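Asks: If you want the building blocks of each chain, they are given just below.
Number of protein chains: 2
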Amino acid sequence: MSQPDIIVLAGGTGGAKLARGMADAAGAQRVAVIANTGDDIEIYGAHVSPDPDLVSFWLADAIDDRGWGLQGDSFAVMDALRELGVDVWFNLGDRDLAWCLERARMLAEGLSVTEALACLNLALGVRARVLPMSDDPVRTWIRIGETGWAGFQEFMIRDRATGLIEGLEYRGAEQAAPSAEVLGAIAGATAIVIGPSNPLASIGPILAVPGIREALIAAAAPVVAVSPIVGGKVLKGPTAQFMAFAALELSAAGVADFYGELLDGMVADENVAGLATLQTDTRMDDPLARARVASETLSFAEGLRG
Amino acid sequence: MSQPDIIVLAGGTGGAKLARGMADAAGAQRVAVIANTGDDIEIYGAHVSPDPDLVSFWLADAIDDRGWGLQGDSFAVMDALRELGVDVWFNLGDRDLAWCLERARMLAEGLSVTEALACLNLALGVRARVLPMSDDPVRTWIRIGETGWAGFQEFMIRDRATGLIEGLEYRGAEQAAPSAEVLGAIAGATAIVIGPSNPLASIGPILAVPGIREALIAAAAPVVAVSPIVGGKVLKGPTAQFMAFAALELSAAGVADFYGELLDGMVADENVAGLATLQTDTRMDDPLARARVASETLSFAEGLRG
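Sequences listed follow chains G and V, in order.
All letters in the first sequence, in the order written, are residues 0 to 305 by numbering that gives the first Met the number 0.
All letters in the second sequence, in the order written, are residues 0 to 305 by numbering that gives the first Met the number 0.
Simulated from the structure, these hints should not be mistaken for lab results.
Computed from a predicted structure; not experimentally measured.
Among the clues, some could well be false.
So, partial list: chain V residues that the calculated Cβ filter (under 8 Å) puts toward chain G [what the hints assert, rightly or not]:
hint, residue
1, 82
2, 83
3, 85
4, 86
5, 88
6, 96
7, 122
Simulated restraints on C-beta separations [as the list claims (entries may be wrong)]:
hint, chain 1, residue 1, chain 2, residue 2, range
8, V, 216, G, 78, 44 to 50 Å
9, V, 144, G, 82, 40 to 46 Å
10, G, 108, V, 168, 48 to 54 Å
If you only want the chain V side, here are some residues facing chain G, beta carbon under 10 Å, derived [unchecked claim]:
hint, residue
11, 46
12, 69
13, 95
14, 104
15, 164
16, 167
17, 235
18, 239
The C-beta atom is built at its ideal place from N, Cα and C for all residues, glycine as well.
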């Protein structure tokens, strides 16, 4: 089979780990990841695409132990910028910067973000597909009471994700279209898995692109979500703040509420009333655990089919 | 004295060495270098300005032994680009890249190239002024018989300065204006020295900016040139090819012919008939030699005054 048929929707680490497990469990060529570009940022002359890149680096076994960026990367350029007096609030390794500078060059030459990432991933040896949700720019903006509107990276990194979220916008989403690759992957899927990423900040921007939610509902494949809440807690990132902003319960049921009619089932370590649930240990701390969660999720989804 | 009064016109290495010697001989605060921006190139998301930067790195004692770039710089980003399959024909160290990325950011924020370099040089501790000849873009293009028109860097580095030069254009020069800083420096000068740089490729673009040649002629200060030809040879770069293209003799007399009525005197290791000449050893291989050539040149120029 040359077309991928297992689709993972992913933001950052949670979705990336599930995608990695899925590639191990089912084979990389069966996996296509639809990744959030709402966190993209243009900085240092480069086009940085944190979520699609995190997924790519995980798939290539190139992710650094620190949880982001390329393994063993150096930081000579950031150090030099600091020497020049620049307030380096957004850290990027040298190899990571090269990756993002080369993407910016490809975009300037007219390639789409989908094509540019495909070229980069070919060089990195990634065999699964990583598909930006759209070739059009969508940017997630957050409003915090004290500081006002900020781009997602500014909120997350510069402002350390502090403060009460009072607003959330997926700017550009209404004018954006899903790429042909994304629509093709959804239409050809046998299983669609929403990764354990922040529903509002990571999956929300994907679903905000007109046509993607509709395509997921219309797809022949079952749609299941893996809950990002483990043992009643969020493992990483400001998901709790976003769930509170959306008045959602911090539980698998709250996540299910957010996705609504999209879902055919939920994978979580707790039961969700009124929805097909695979109750299992969803921690993915090592390769075996990642492959197990992926494999169980895939079997569960296949069992929900038609 | 707070305003610099010794003006050096410079391209790359020759002019930079003379400027360094002048700063040692007369004090950095007396020196302003008017530097060629015709070799500038936008690449890797950065704004690279080879001649003004070479002068700056020389003035900061930060030039690497290889003759370009910052001392002891690493090349992690270039290595990473090569890993991605990029044909890296233009090499740039990591700290050098940071320098040029930061300039690009400042330009995008609306600073002029003059202001951006002033900020960068402040951080590097350069006390002499380095003034790009214009805040407007001027780009030197070369036509080679076999390969056609190429930008200066492409000709010099990618094509290794090979082939017969059949055309030379300072594109954008006619629409460019000298910066206020350049005109102010020339007007306030007590001595103006054209460095031993390639007359056509390095000094030519400066003189092609409308108003600079006129300002040099109108200046109260004497204008002297240091010949780039030493022992009948060119020490560095493709000066011979350019002199041949312009049908100029490869000698101090040929250089004097190119500058014409601009010159009040010439510093060279050979005599120039019909022009006040300081005949001296013009090699500048070490700090002492650089300071001596600078000091003798300055005394010679001062002797020509009034």
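Asks: Restraint: residue 122/V near chain G, CB-CB cut 8 Å. Satisfied or not?
Replies: holds (5 Å)
Asks: Using 8 Å as the Cβ threshold, decide whether residue 88/V counts as touching chain G.
Replies: Violated: closest Cβ of chain G sits about 13 Å from residue 88/V, beyond 8 Å.
Asks: Is the interface hint satisfied for residue 104/V? The criterion is a beta-carbon contact with chain G at less than 10 Å.
Replies: holds (8 Å)
Asks: Restraint: residue 46/V near chain G, CB-CB cut 10 Å. Satisfied or not?
Replies: holds (9 Å)
Asks: Verify the interface restraint on residue 239/V: the C-beta must sit less than 10 Å from at least one C-beta of chain G.
Replies: Since chain G brings no Cβ nearer than about 35 Å to residue 239/V, farther than 10 Å, the hint is violated.
Asks: For the hint on residue 96/V, does the least C-beta distance to chain G fall short of 8 Å?
Replies: Nearest chain G Cβ about 6 Å off; hint holds.
Asks: Hey, does the residue 83/V contact hint survive, CB to chain G under 8 Å?
Replies: Because about 5 Å separates residue 83/V from the closest Cβ in chain G, which is inside the 8 Å limit, the hint holds.
Asks: Hint check: is the beta carbon of residue 235/V less than 10 Å from a beta carbon of chain G?
Replies: Since chain G brings no Cβ nearer than about 27 Å to residue 235/V, farther than 10 Å, the hint is violated.
Asks: How about residue 95/V: closest beta carbon in chain G under 10 Å, or not?
Replies: Nearest chain G Cβ about 8 Å off; hint holds.
Asks: With a cut-off of 8 Å, does the beta carbon of residue 86/V approach a beta carbon of chain G closely enough for the hint to hold?
Replies: Violated, because the Cβ-Cβ distance from residue 86/V to chain G comes to roughly 11 Å (cut-off 8 Å).
Asks: CB of residue 216/V to CB of residue 78/G, is that within 44 to 50 Å?
Replies: holds (47 Å)
Asks: Verify the interface restraint on residue 164/V: the C-beta must sit less than 10 Å from at least one C-beta of chain G.
Replies: It is violated, given that the least Cβ distance between residue 164/V and chain G is near 29 Å, above 10 Å.
Against the hints set out earlier in the document, violations occur for numbers 4, 5, 10, 15, 16, 17 and 18.
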